[in-house]
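Taken in order, these protein sequences are the chains called A, B and C.
The opening residue of the first sequence carries number 472 in our numbering; numbering runs sequentially from there.
The opening residue of the second sequence carries number 571 in our numbering; numbering runs sequentially from there.
The opening residue of the third sequence carries number -16 in our numbering; numbering runs sequentially from there.
Be aware that a few hints might be false.
Result set (DSSO-like, lysine-lysine): computed pairs, CA atoms no more than 27 Å apart in a straight line [claimed, not checked]:
| hint | chain 1 | residue 1 | chain 2 | residue 2 |
| --- | --- | --- | --- | --- |
| 1 | C | Lys59 | C | Lys187 |
| 2 | C | Lys59 | B | Lys815 |
| 3 | C | Lys103 | C | Lys75 |
| 4 | C | Lys103 | B | Lys815 |
| 5 | C | Lys111 | C | Lys71 |
| 6 | C | Lys75 | B | Lys815 |
| 7 | C | Lys71 | B | Lys815 |
| 8 | C | Lys297 | C | Lys(-7) |
| 9 | C | Lys103 | C | Lys59 |
To give a feel for the contact side, a few chain A residues facing chain B, derived at Cβ under 7 Å [to be verified]:
| hint | residue |
| --- | --- |
| 10 | Ala710 |
| 11 | Gly748 |
| 12 | Val755 |
Residues of chain B placed beyond 10 Å of chain C at every Cβ, according to the derived structure [unchecked claim]:
| hint | residue |
| --- | --- |
| 13 | Val600 |
| 14 | Leu644 |
| 15 | Thr733 |
| 16 | Val735 |
Hint data in this document are derived by calculation from the structure and do not stem from the laboratory.
Predicted model, so just to flag it, every value in this text is computed and none were measured.
All C-beta atoms, glycine included, are put in the ideal place defined by N, C-alpha and C.
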Amino acid sequence: MTIDVQDTLPAASPPVSQPPHPLVEFWYHFRQNKGAMAGLAVILLIAVVALFADVVAPHDPNIQYRDAILVPPVWQEGGRWAFLLGTDDIGRDMLSRLIFGARLSMMIGLIVVTLSLAVGLALGMIAGFFGGVTDALVMRFMDILLSLPSLLLAVVVAAILGPGLVNAMLAVSIVVIPHYARLTRAAVMAEANKDYVVASRVAGAGPLRLMLVVILPNCVAPLIVQATLGFSTAILDAAALGFLGLGAQPPTPEWGTMLASSLQFLQRAPWVVTWPGVAILVTVLAFNLLGDGLRDALDPKLKR
Amino acid sequence: MLRFILTRVSLVIPTFLGVTFLTFLLIRLVPGDPIEVRVGERGIPPERLLELRHELGLDRPLWQQFLDYIAGVLQGDLGVSLVTRNSVLSEFLTLFPATLELAALAMLFATVVGLPAGIVAAVRRGSVFDHGVMGVSLTGYSMPIFWWGLLLILFFSVGLGWTPVSGRLDLLYYVEPVTGFMLVDTLMAGEYGAFWSALHHLVLPMIVLGTVPLAVVARMTRSAMLEVLGEDYIRTAKAKGLAGKRVIGLHALRNALIPVVTVIGLQVGTLLGGAILTETIFSWPGVGKWLIESINRRDYPALQGGVLLIATTVMAVNLLVDVLYGVLNPRIRHSR
Amino acid sequence: MPAMPLLDIKNLSVEFTTRAGTFRAVDGIDLTVDEGEVVGIVGESGSGKSVTSLAVMGLLGSNGTVLADRMQFGGKDLLAMSPSQRRKITGKDVAMVFQEPMTSLNPCFTVGFQIMETLKVHEGLSGKALRNRAIELLEQVGIPAPESRLSAFPHQLSGGMNQRVMIAIAIACNPRLLVADEPTTALDVTIQKQILDLLVRLQKERGMALILITHDMGVVAETAQRVVVMYAGQVAETRPVDALFKAPRHPYTGALLDALPERALGKRRLPTIPGVVPGIGDRPQGCLFNPRCRFATDRCRIERPALFDVDAGKARCFYPLADAPVGAGEVL
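With the sequences and hints as input, model every part of the structure.
Structure representation (structure tokens):
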């Protein structure tokens, strides 16, 4: 039994005040989600740190302090104030490397999401809008990509292209394209038959205009959510490739690569292994929290 | 029901052909001369090159080569590893049980923990337990599992000495592989000490590989249960005077299982992808580790065959899940 | 005086706690149902009639709070019972039929399973006896070829068939009280009559009490002996069906009757009641019906009326209507 609130408004009452602007309403819902707010705060912090890495980092990430090899974090015995989170096996400051790693990870996320979103969006729109054979061909191809485990596909693409940060980003981008394509296609198909689209078509709008100006704005919400979650996938997968030796190569301070190159110090200097992982986890978690919060705030079905 | 299955199978065939084509292209996309890539030699003299080109059928049109490749694949001929000179299929099959054992246990772990956690979280929506489950599962979902594995090794193996660091079995034991599943083989051989050792070796990799699926299963179960618990038929079940356990455990769960099983099935792909990382960390002698080694050794035929076999496995599991979905959901079963 | 009523409810209120605050959906209702009696509860959507029935069944979710001075069934205090004691009555002695037959049956189980489940839990039947009883029940609710229907899933049956199955489940354990919450609303017009006839027939055959919840005054006229008219969570009027239809005392009842098509013969337009039932935030001062009432005075706008005695029943109005039929020839 539900009590239908809408039915119970008095009919004679004057028209209700103007509904709030969608953005205002969105922000109202979003703000109530503490997890999402925390995620947003962490992301903003990381973004600022990444942007001003040169200023914020206490050291150059690649300078080797020969007198400070495997110095533990400052609160442990033998720690030094000059190296807050300790140093690695060749005397580089962990904190500075993490900060520059943040810059890399944010950049990876940004590039991967932009690239895959652009391609996925285009493919999805073409498939959804033209339908028929085009749709079948595009979506079959997406199915093929999806039938491979994403990490395996990324590994294979990275193996073909050769190891390196740029190739790793490409590999991860390719892997996530189907998600955007499917989402866009579904949204386009759902919107394409609605009255307003038919109306613009009758009014003489061309296919490109229809897609970009009429339909696209109506599929933005799910794509924003997917793109946010895409950041976490990109960062995670790029780090995994780095860890497997197929991503960024040393001495690049990429978090996954840092982990891989310090494996043998796992027992002797656990901090060398701990910090890059914490950095990945916190960043990915923040993006996932933000994505969940965005979904809840943007999805009208879940609004209460 | 049979028609339903056949329809599903026929839908998979184009995807399978597509994957086969992609793996066929794989070896051509690798930088370097295709013959050198395939034979694994450098600086081959020109006449030998021509000979090899003919031998490998590379002088024929591409579509014929593809047909040959498919014909080979269907007969189980996936080429020969450059490193070991063994058939790729037989190498894969020797290593696959290790991966399968690990993946199955990881999935079991994820389901056994994730399903009840999701159910209780849904029933006690908004409670501390619910928030706990959601928090932990989102963390698990965000976990870089290669790091998570290292942390667990550091804590349990290095710190507490409870579990071994790598491998499947202590060197003390040797068990003749019959099924390839260590837990089964040791039991069949009656070597309980070896069984115990195999179990010890499995625990950490299982947890590491099962972490992401666990998070997904818990979240999915919770949301599916929440949706189902609001349905009219749950009210009907309560109106019949059924006990809460029966209402939740039978009437609600039976319906919630439909999306959950689908999600569990889709996790198999994630699982086999994650196996690459897990096996690398724990030196687990399975196909994931083998694939990475093949890449590092530039053993492209092995990589090609391995990718195709893993993709086929994932497709087979997805097909199975599809059929299972039909079995679980009467509405689907009868409509086709 | 007759024996103790089967269902005896005194001053029942139901409150829901939502994010917006506490909302009282049912406000101080008295309801009695005698053994074998048919009581109709009538009201618009939002009047609290379904919530009342769910409270009787003990089916309100955790956010619904039930408050009552007395709530007895067959002499037993429902409020003092433990949940497990209550479950022994629910589905056995008190059963319920819901509005939406298509969604009220579990899509994953066969019709047979869902009928037999009740019998198994409450009567401990099993095996052949259980099956035979289920077939018998399907027969009684007028389902053809009952043996083969046992293995059907709800989605394979029509809405009317599913509602028959729901009724079969409800009457499986020979309940003393059947609560039917808008049992025909979701069905086709032709089926509505069949289901209603079925309910009345079963009620007569078995001598069980029936609470029929509906928004349709016509349905009540055909079936009920006594009517409870609800408005905004309160009882507006409660009287025997003949007296109420002959001479409604509450203006709201009068307006509901005027809105019946068969009573509006010869009029150019079917009369309607302007406005809607007040909800969470917009309860008026004074009589809850006053903004929609043609007869409202200043007193009605300030003071909230109690439930006054009128002939053969009660009505919540300072100025009960006189015997003359109201509203003849007028358009609201």
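Exercise for the section: Say whether it holds or is violated: Thr733(B) keeps its Cβ farther than 10 Å from all Cβ of chain C. Expected result: Label holds. Min Cβ-Cβ 41 Å, cutoff 10 Å.
Problem - Restraint outcome when Val755(A) is required to lie within 7 Å of chain B by C-beta distance - result: holds, 4 Å
Problem - Holds or violated: Lys103(C) to Lys75(C), with C-alpha atoms at most 27 Å apart - result: Answer holds: Lys103(C) to Lys75(C) is near 11 Å, not above 27 Å.
Exercise for the section: Verify the interface restraint on Gly748(A): the C-beta must sit less than 7 Å from at least one C-beta of chain B. Expected result: holds, 3 Å
Handout entry: Given as non-interface: Leu644(B), which should sit over 10 Å from chain C by C-beta
Key = holds, 39 Å
Handout entry: Given hint Lys815(B) paired with Lys71(C) - CA-CA distance at most 27 Å
Key = Roughly 15 Å separates the two Cα atoms, so the pair holds.
Handout entry: Given hint Lys59(C) paired with Lys103(C) - CA-CA distance at most 27 Å
Key = The given pair, whose Cα atoms are some 24 Å apart, holds under the 27 Å limit.
Exercise for the section: Below or equal to 27 Å on CA atoms is what counts here, so check Lys59(C) against Lys187(C). Expected result: holds, 25 Å
Practice task
Compare the distance between the alpha carbons of Lys103(C) and Lys815(B) with 27 Å, and conclude whether the hinted pair is satisfied.
Solution key: holds, 16 Å
Handout entry: Check on Val735(B) being off the interface with chain C, judged by Cβ distance over 10 Å
Key = Val735(B) is indeed farther than 10 Å from all Cβ atoms of chain C, at 46 Å.
Problem - Ala710(A) as chain B interface residue, shortest Cβ-Cβ below 7 Å - result: This hint holds: Ala710(A) lies near chain B, its Cβ roughly 6 Å from the closest one there, short of 7 Å.
Practice task
With a cut-off of 27 Å on the C-alpha distance, tell me whether Lys297(C) and Lys(-7)(C) pass.
Solution key: Given that 27 Å is the threshold and the Cα spacing comes to 15 Å, the pair holds.
Of the hints listed earlier, there is not a single one the structure fails to meet.
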